Amino acid sequence: MKQAFFKILSQACIAKDVMKMVLGGDTSEIRVSGGFVNIKIDGLFLRRPISVCDYDDNTLTLIYKIVGKGTEALAKMEAGTELDLLVGLGNGYDLSKSGDAPLLIGGGVGVPPLYKLARQLIAMGKRVSVVLGFNSKCDVFYEDEFRALGAEVRVTTADGSYGTKGFVTDAMGDIDYTYFYTCGPEPMLKAVHKATKTSGQMSFEERMGCGFGACMGCSCKTLTGYKRICKEGPVMEKEEILW
Amino acid sequence: MVNTKVSLSGLILDNPVLCASGTFGYGYEFAELYDINCLGSFSFKGTTKEPRFGNPTPRIAECPMGMINSVGLQNPGVEKVISEELPRLRRVFHKPVIANIGGFTFEEYTEVASLLDKEEGVGLLEINISCPNVHGGGMGFGTSAQTAAEVTRRVKAVTKKPVYIKLTPNVTDIVSIAKACEDAGADGISMINTLLGMRIDLKRKKPIIANKMGGFSGPAIFPVALRMIYQVYEAVKIPIIGMGGVTSAEDVIEMMLAGASAVQIGAQNLVNPYAAKEIVEALPSVMEKYGIENLASIIGGAHNG
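Heads up: the protein sequence lines correspond to chains A and B, in order. For the first sequence, position 233 (counting from the first letter as 1) is numbered 233 according to my numbering, and the numbering increases by one without interruption. With positions in the second sequence counted from 1, the corresponding number in my numbering is that position plus 1000.
No lab work stands behind these hints, which were simulated from the structure alone. None of these values were measured; they are calculated from a predicted model. The reader is advised that the hints may include incorrect statements.
[Said to hold, decoys possible] The list that follows gives simulated cross-link-like pairs (lysine-lysine, PhoX-like), each with its CA atoms no further than 20 Å apart:
| no. | chain 1 | residue 1 | chain 2 | residue 2 |
| --- | --- | --- | --- | --- |
| 1 | B | K1289 | B | K1005 |
| 2 | B | K1203 | A | K16 |
| 3 | A | K221 | B | K1080 |
| 4 | A | K20 | A | K190 |
| 5 | A | K40 | A | K76 |
| 6 | B | K1206 | A | K69 |
| 7 | A | K197 | A | K227 |
| 8 | B | K1203 | A | K65 |
| 9 | A | K69 | B | K1203 |
| 10 | A | K221 | A | K190 |
[Said to hold, decoys possible] Computed, partial: chain B to chain A, Cβ under 7 Å:
| no. | residue |
| --- | --- |
| 11 | G1025 |
| 12 | E1050 |
| 13 | F1053 |
| 14 | T1057 |
| 15 | R1059 |
| 16 | V1071 |
| 17 | G1077 |
| 18 | H1135 |
| 19 | V1158 |
| 20 | V1271 |
Don't be surprised by glycine CBs; every beta carbon is placed ideally from N, CA and C.
Can you make the complete structure from the sequences, with help from the hints?
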């Protein structure tokens, strides 16, 4: 972890209440996909943890949903604004376990951290399948971006207004995969946990105080002991999860 | 050259800036960011006899100028603290540290205190009788002068280290409780713990915190902490470690003028992990600005006479 100042390069709305923000700055501390940054927002006491969608040497892409005061304030920020970030937070996805044909399952704003992961896995020569679940057509984002990477992409919507009607678990039955990686709301994670036949890794979210392991605000119980979502997580092994 | 040294019951600190229990872990998360030996000291995560997971999540809610937490004394238990955490802590922090002790019975306080009494690197014991987030213990001991005095007496009997009693502000008369601790032999007072508070989520129409209520901290509570320290300073002769919403070197000086001999940084560590270091670094120039040569000389300086 370190503190770093980033400048907003661009920001755009890419789905209903979903913003994509590209930032310029020193990303050297970000070493894994599935991690997050913690953003200081003027006038708000706590930082706001946002998962990393993509990064390279000096740019960082964040995709977030407007859900409260913090993300409302973020969404109003214009290009050129400087932001105080804690970067390199969280324990991300372990690529070494993927096998030849990993399956990536994302729900809603759980989709973004899977993007960098897909990029990395494809660069390693893996055959990547992606299932993205949303509530409705207006919520869908990044389908084309995943496809452009070379992944096989399926989209589901709960109301059937786009792609397969239903949940992510309705669209993954016939996919042949060696391992899975997922991020999304807890009911989806539970369903994925039940429906998947292989080992995998799941990313969780929780209200955080510090985001770097000091306050114990986001602890959870697992089969391998107490974990902090911000430090030992947000990514956990399927086998250690206690529902 | 200004002098930032202060003393707590014979323990000489390079400066009065400490980090508060529960906001600084066992120091090593912060040691990745800066050399934490610049601090006067810090109070490590509250330790109980048995390991505790603490409360269900969500444990955190935001407030204007502050936050609410309901962690519930999560810690690995005193045995593991001594065998695993303290050796790790000593690798990154080479000054005497403050051991924060929580409990649910008188016996638990004395048992944990007597074990930590043997630890060389522990400079003083801070007895938390003020945690608002646990039932059947914690704050229950700190809301009556009788039980506060009883905990003090019993802990004093099992340790040679200075004993500071950490008080809750959630009482009618904090002064009488501080006096009762002093009369029972406390070497100092640590104050204030968090104010009991709550937030309700408008979407769910339910409390944000799983435990419904939690401890309110952050800059919003600074004036309350300052006022209580001012009042307690007038009533007791023992030193006070002040805390509550401190975010700057100016706040440290203000709290010392109210009567604190040293000052802890709490919630601010969580939003700015460099806060304590920045305050230590700013202290000499802020002292110069206000014409203070010797920091120890201003303790209680705002009082008459």
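Closest C-beta approach of B:T1057 to chain A relative to 7 Å, hint status: This hint holds: B:T1057 lies near chain A, its Cβ roughly 5 Å from the closest one there, short of 7 Å.
Restraint outcome when B:G1077 is required to lie within 7 Å of chain A by C-beta distance: With a closest approach of 12 Å, the B:G1077 hint is violated.
Proposed interface contact between B:V1271 and chain A, which counts if any beta carbon pair is under 7 Å: Constraint on B:V1271 satisfied, holds at 6 Å.
Closest C-beta approach of B:F1053 to chain A relative to 7 Å, hint status: 6 Å, holds
Pair hint outcome, B:K1289 versus B:K1005 [Cα-Cα no greater than 20 Å]: Satisfied, since the Cα-Cα distance of roughly 18 Å is no more than 20 Å.
Pair hint outcome, B:K1206 versus A:K69 [Cα-Cα no greater than 20 Å]: Holds - the C-alpha atoms of A:K69 and B:K1206 are around 18 Å apart, at most 20 Å.
20 Å Cα cutoff - pair A:K69, B:K1203: 13 Å, holds
Satisfaction of hint between A:K16 and B:K1203, Cα-Cα up to 20 Å: With Cα atoms ~18 Å apart, B:K1203 and A:K16 stay inside 20 Å; holds.
Restraint outcome when B:V1158 is required to lie within 7 Å of chain A by C-beta distance: Since the shortest Cβ distance to chain A is 28 Å, the answer is violated.
A:K20 paired with A:K190 [C-alpha distance capped at 20 Å]: Violated, at roughly 27 Å.
Proposed proximity, A:K227 with A:K197 (alpha carbon, max 20 Å): 25 Å, violated
Interface restraint verdict for B:R1059 against chain A (beta-carbon cut-off 7 Å): Hint on B:R1059: holds, closest Cβ of chain A at ~5 Å, below 7 Å.
Checked against the numbered hints listed earlier, the structure breaks hints 4, 7, 12, 17, 18, 19; every other hint is satisfied.
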